[in-house]
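**Student:** As a plain string of letters, each chain reads:
Protein chains: 2
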Amino acid sequence: MAKQDKLVEAITAMDQDFAQWYTDVVLKAELIDYSAVKGCMILRPYGYAIWENIMQNLDRMFKKTGHENVAMPMFIPESLLQKEKDHVEGFAPEVAWVTHGGNDKLTEKLCIRPTSETLFCDHYANIIQSWRDLPKLYNQWVSVVRWEKTTRPFLRTTEFYWQEGHTAHATAAEAQEETLRMLETYATFYRDYLAIPVVRGQKTDKEKFAGAVSTYTVEAMMHDGKALQSATSHYFGDGFAKAFGIQFTDKNNTLSYVHQTSWGLSTRSIGAIIMVHGDDNGLVLPPRIAPIQVVLVPIAAHKPGVLEKVRAVADDLGELFRVKLDESDKMPGWKFAEYEMKGVPLRLEIGPRDLENNQCVAVRRDSGEKVTLSLDNLATEVKRLLDEIHTGLYKKAEDSLNSRIYDAKDWATFTDLIANKPGFIRAMWCGDLACELKIKEETTATSRCMPFEHTANGDTCVCCGKPADKLVMWGKAY
Amino acid sequence: MAKQDKLVEAITAMDQDFAQWYTDVVLKAELIDYSAVKGCMILRPYGYAIWENIMQNLDRMFKKTGHENVAMPMFIPESLLQKEKDHVEGFAPEVAWVTHGGNDKLTEKLCIRPTSETLFCDHYANIIQSWRDLPKLYNQWVSVVRWEKTTRPFLRTTEFYWQEGHTAHATAAEAQEETLRMLETYATFYRDYLAIPVVRGQKTDKEKFAGAVSTYTVEAMMHDGKALQSATSHYFGDGFAKAFGIQFTDKNNTLSYVHQTSWGLSTRSIGAIIMVHGDDNGLVLPPRIAPIQVVLVPIAAHKPGVLEKVRAVADDLGELFRVKLDESDKMPGWKFAEYEMKGVPLRLEIGPRDLENNQCVAVRRDSGEKVTLSLDNLATEVKRLLDEIHTGLYKKAEDSLNSRIYDAKDWATFTDLIANKPGFIRAMWCGDLACELKIKEETTATSRCMPFEHTANGDTCVCCGKPADKLVMWGKAY
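Respectively, the protein sequence lines represent chains A and B. Counted the way my numbering counts, the first sequence spans residues 1 to 478. Counted the way my numbering counts, the second sequence spans residues 1001 to 1478.
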């Protein structure tokens, strides 16, 4: 049984080699497999089930705020990609080009969408005529392709899965409001479903999206103190509208350009889950997106009554939770290790002694804590425990984030922190691109964002010493 | 209001020009828009919402039968596509080729999946080792690309959306059983969700999938009597397993090849809905996949109490059905025409007089029938009407199908029927490819399938007159 042998091998310890630990987890928890195409991953059933739960819950939030799903083609003709100057400069170097269809060379080559602003704009120009057609609040769930040199499962892959929202509004104010509404939606989703606290803020011009007026981001801190850009929301003004001729007749019968936004969250979010909550035993999944919320393991399953009882309990709990009953002939200890690796939030064990006492043993994946629960009000207790696990995971991640945000008021402190204290650094910045580039070159840290909820901690640039009024959150990043 | 003007124009009558009627409906019901890429369509919110309902319900059926979703890359390296000889011959002429990534020419060109057998096989070879790993019952919801010369929305597009199931089994018998189980799942789905009767059967060798041992199909009859291949299920034997080296150790510790299947249903199914149920007023949607099941139109909305009442009714019904309340300032007559065009199964009108009588007027899209309903048990009545509409649509389609299946026992009858009686023809076939080709060449009819539920109507080939034991359902097809 070669496969089970592989499962048994311990994974690399996080503190020994975090990158290797990450690779071990994504493979051993059976989230992905490598594919025949360099840089593309196969999402296996367990990995895809996490993405399905993310899609389902986030989609519900989008629909509540009036957004509608559509599907655009995966191809963008070269001429369409070129319509917005900054956008094509940003994306052309990293797209895949289709040059042949069947046996024929195409008259115009097509890129596979790296993002779909140009397609939405082309469509909007076609369907928007009057103020009655606004706003357009569209979203799509698709995969996109960016030709990356170095790839890692979930964090950076040639093809990745995401949603991309693209909206068109009558006024700049409405579009700006939408940009921040969706950023807030992402922050709420990270908090309420993934149990991950984020830092919200605006990107510097250097880091903003190609073609955007302004880009906003939610940044999360991984176990190793590095940042992961976890979702972004862009305000475009009427730049794309002018490039694509998206005009509408307003109530006074004059022609105006629409104002646009776009926003996206991808399978990177699964990377965040792994690197925020995982431990040396493997994945630790937040209950609300866990494919299996409760696993039931019968103990001494051959003893009379055990299997019958476990099945009855599984049926009951299955009405309310995503439940798996493992009746396989593996030893309980094997099963414990397997579901720990897979990050199942709660394990329930039922054996002959539990039967006698009308109870079961519950083991929490987050803390390892064991409690005995009566079978009489089990569903209520399971609900309470799953909520506690969610809250506990969030609290732990929040403490971890807050305890590793440092202040640097001068260059020596900044470089010392970068070298010795994994985490985020708050430091003032003059706004000069040269300083931003120097910081990146000398420390490998990048500006993560100009955070909303933090106030200035000085008035001179941490890099050049000149007057500065912008607080930036800096950090090494994935 | 140019857009509303366009909506007002009557669509082409079905019997005048069915192809133009079809195009008018897909555009005016706002199911699709044409895109900048030839042959690719944009699924607009209303069109995509139908597809979402199809996905959701079919996915639930798949999961009940133990299938799991995964996501494979969209790319297939040329060498992988070439591993199974028949398969590559069938698909290579119609794939799109990626030759460049970013600024670099690729060392091996990649095709965009036209179907994913080769990717699943490559993955299965990697993850299947023992009988414990079987069966693998995987499915994915993706788009695929086939470089088509002539395209029509939903029916044949360069990129289209579908699910593709790919399973691996320990024995041929299990794989064969799975092939027919999934064919039956499709037939059930067409009956219970799309209200469309289908003819189940096996494809001839000429029409089978490239690389399959046998292909099964469900064929539906459109309003014009032509056939639409509505979903297919393929049995592969161990051909792919041998080409890709997918072996497992069985319980006796000997190495065997797996036996495989694949099966798919696509956005063509939306074409079937349109062409089976639609009429001269536009779409007619089966209630179980209709994005809007009930539309509420207030009459004399400015009169006291009307809007309040309609809103209250919308809220109540919204708990149980997909409901839209149209409060816009368009005249009721406009709204009636719009929702008729969009095929909404049931319209409820509430005006001042209805208020007085605690009632509303319900208008069925399928029959145009008007009934007055008490507001007291409205939800029950709406449920009953939607079920009646579903059953009625199915019955009408079934009668239409059954009344247009003809028998031909000789060539003269066959050619006469093809020329004068749109529909399917049952005729015996000797099994010779030459006859199948001759029939296609001289009549444009193709063998749709060798139907399961029909018995031989003769013993000589309708084409060559030689002894024949195969009953084939013939027809012109989309």
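FYI, nobody ran anything at the bench for these hints, they're computed from the structure. Some hints could be false.
What the hints assert, rightly or not - Straight line, CA to CA, 30 Å or less: simulated DSSO-like cross-link-like pairs of lysine-lysine:
#1 A:K303 with B:K1251
#2 B:K1063 with A:K63
#3 B:K1109 with A:K109
#4 A:K38 with B:K1309
#5 A:K206 with B:K1105
#6 A:K28 with B:K1383
#7 A:K105 with B:K1242
#8 A:K83 with B:K1206
#9 B:K1226 with A:K83
#10 B:K1251 with A:K64
#11 B:K1383 with A:K64
Stated by the list, open to error - Listing some non-contacts, in silico: residues in chain A with all C-beta distances to chain B over 12 Å:
#12 P45
#13 A49
#14 I112
#15 H123
#16 T267
#17 D315
#18 T413
#19 D432
What the hints assert, rightly or not - If the Cβ cut is set under 10 Å, some of the chain A residues that face chain B in the computed set are:
#20 I76
#21 Q82
#22 H100
#23 G101
#24 L106
#25 T150
#26 L320
#27 V323
#28 L325
#29 D326
#30 M331
#31 G333
#32 F452
#33 H454
All C-beta atoms, glycine included, are put in the ideal place defined by N, C-alpha and C.
**Student:** Each of the hints needs a verdict: does it hold here or not?
**Tutor:** Hint check:
1. A:K303 with B:K1251: Distance ~26 Å between A:K303 and B:K1251 Cα, so the pair holds.
2. B:K1063 with A:K63: Given pair B:K1063, A:K63 holds - Cα atoms ~25 Å apart, limit 30 Å.
3. B:K1109 with A:K109: holds (15 Å)
4. A:K38 with B:K1309: Distance ~60 Å between A:K38 and B:K1309 Cα, so the pair is violated.
5. A:K206 with B:K1105: holds (29 Å)
6. A:K28 with B:K1383: violated (48 Å)
7. A:K105 with B:K1242: It is violated: about 34 Å lies between the C-alpha atoms, which goes past 30 Å.
8. A:K83 with B:K1206: violated (46 Å)
9. B:K1226 with A:K83: Outside the cut-off at roughly 43 Å; violated.
10. B:K1251 with A:K64: violated (52 Å)
11. B:K1383 with A:K64: Holds, because 25 Å separates the two Cα atoms, which is no more than 30 Å.
12. P45: violated (4 Å)
13. A49: Incorrect as stated: the minimum Cβ-Cβ distance to chain B is 7 Å, not above 12 Å.
14. I112: violated (7 Å)
15. H123: violated (6 Å)
16. T267: violated (9 Å)
17. D315: A:D315 clear of chain B: closest Cβ-Cβ about 15 Å, beyond 12 Å.
18. T413: holds (39 Å)
19. D432: holds (30 Å)
20. I76: holds (7 Å)
21. Q82: violated (12 Å)
22. H100: holds (4 Å)
23. G101: Since the shortest Cβ distance to chain B is 4 Å, the answer is holds.
24. L106: It holds, given that the least Cβ distance between A:L106 and chain B is near 9 Å, below 10 Å.
25. T150: Check failed: Cβ of A:T150 comes no nearer than 13 Å to chain B, outside 10 Å.
26. L320: Where the cut-off is 10 Å and the nearest Cβ of chain B is about 18 Å from A:L320, the hint is violated.
27. V323: violated (14 Å)
28. L325: Because about 14 Å separates A:L325 from the closest Cβ in chain B, which is outside the 10 Å limit, the hint is violated.
29. D326: With a closest approach of 13 Å, the A:D326 hint is violated.
30. M331: violated (15 Å)
31. G333: violated (18 Å)
32. F452: violated (32 Å)
33. H454: This hint is violated: A:H454 lies away from chain B, its Cβ roughly 37 Å from the closest one there, beyond 10 Å.
When each numbered hint is compared with the structure, violations occur for hints 4, 6, 7, 8, 9, 10, 12, 13, 14, 15, 16, 21, 25, 26, 27, 28, 29, 30, 31, 32 and 33.
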